[in-house]
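Below, each chain spelled out in residue letters.
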Amino acid sequence: EVQLVESGGGLVQPGGSLRLSCVASGFTFSGHPMHWVRQTPGKGLVWVSRIDGTGLHITYAESVKGRFTVSRDNARNTLYLQMNTLRAEDTAVYYCVRDLSTLDYWGQGTLVTVSS
Amino acid sequence: DVVMTQSPLSLPVALGQPASISCRSSQSLVHSNGNTYLNWFQQRPGQSPRRLIYEVSNRDSGVPDRFSGSGSGTDFTLEISRVEAEDVGVYYCMQSTHWPPYTFGQGTKLEIK
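Residue numbers (the working numbering), protein chains in the order written: chain D, 110 to 225; chain C, 8 to 120.
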């Protein structure tokens, strides 16, 4: 059974940092690109970042470029999202998503709240 | 960026009746390889999104055959032949032809009338 379990969300002040993790199981993690997608009540679903199976090819949404860093540890079946210089508008539920013929399986999400 | 526009944004449907959701893209979603990467997701209340349809009309494993996708170019449709109670939720289209970024529609909220 495919499982994606995110963690690391929480309350952080503007300008602060947070690191999200996503542990994968039930499939060959290194064989799939992975994504982070966030969801806010006001703006729906917004794609954040994609990393290929090797970890060498990475793309970001313009809104997070230079502030967020995605990485993966295939030996630990884990995807990461390092978020720096956080802003109020980064407040959202962050989902880890597997790529199989594009985005397919989603984790349960972790809530990030940026507020003073 | 490709803008995805869904309609309607709210869809009340009686049980057993059909439902149809439209999704339009700001540019053609035909990839240079000839494929069209238009996908549909369902998000039930309190749950994560779940992919229903990929590449316009391919149903994912476990998706009931009352769900079907169609369309081409810039105009796409998700149809539910007979709505059931478990179909309540928000439906999103998403394009993965012209990335980055991948872009989603605003979502269509389906409710039982």
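Rather than coming from a laboratory, the hints here were simulated on the basis of the structure.
Keep in mind that the hints are not guaranteed to be accurate.
Lysine-lysine pairs mimicking DSBU-like chemistry, simulated, CA-CA at most 35 Å apart [stated by the list, open to error]:
#1 Lys174/D - Lys152/D
#2 Lys174/D - Lys120/C
#3 Lys152/D - Lys116/C
#4 Lys120/C - Lys152/D
Anything over 12 Å on all C-beta distances counts as not near chain C; from chain D, calculated [unchecked claim]:
#5 Gly117
#6 Ser139
#7 Gly140
#8 Gln148
#9 Ser158
#10 Asp182
#11 Arg185
#12 Asn193
#13 Asp213
Fair warning: this is a prediction, and the values are worked out from it, not measured in the lab.
We treat Cβ as the ideally placed atom computed from N, Cα and C, and that holds for glycine.
Hint-by-hint comparison with the structure:
{"no.": "1", "hint": "Lys174/D - Lys152/D", "in the structure": "holds, 19 Å"}
{"no.": "2", "hint": "Lys174/D - Lys120/C", "in the structure": "violated, 43 Å"}
{"no.": "3", "hint": "Lys152/D - Lys116/C", "in the structure": "holds, 14 Å"}
{"no.": "4", "hint": "Lys120/C - Lys152/D", "in the structure": "holds, 26 Å"}
{"no.": "5", "hint": "Gly117", "in the structure": "holds, 17 Å"}
{"no.": "6", "hint": "Ser139", "in the structure": "holds, 21 Å"}
{"no.": "7", "hint": "Gly140", "in the structure": "holds, 18 Å"}
{"no.": "8", "hint": "Gln148", "in the structure": "violated, 8 Å"}
{"no.": "9", "hint": "Ser158", "in the structure": "violated, 9 Å"}
{"no.": "10", "hint": "Asp182", "in the structure": "holds, 23 Å"}
{"no.": "11", "hint": "Arg185", "in the structure": "holds, 22 Å"}
{"no.": "12", "hint": "Asn193", "in the structure": "holds, 20 Å"}
{"no.": "13", "hint": "Asp213", "in the structure": "violated, 5 Å"}
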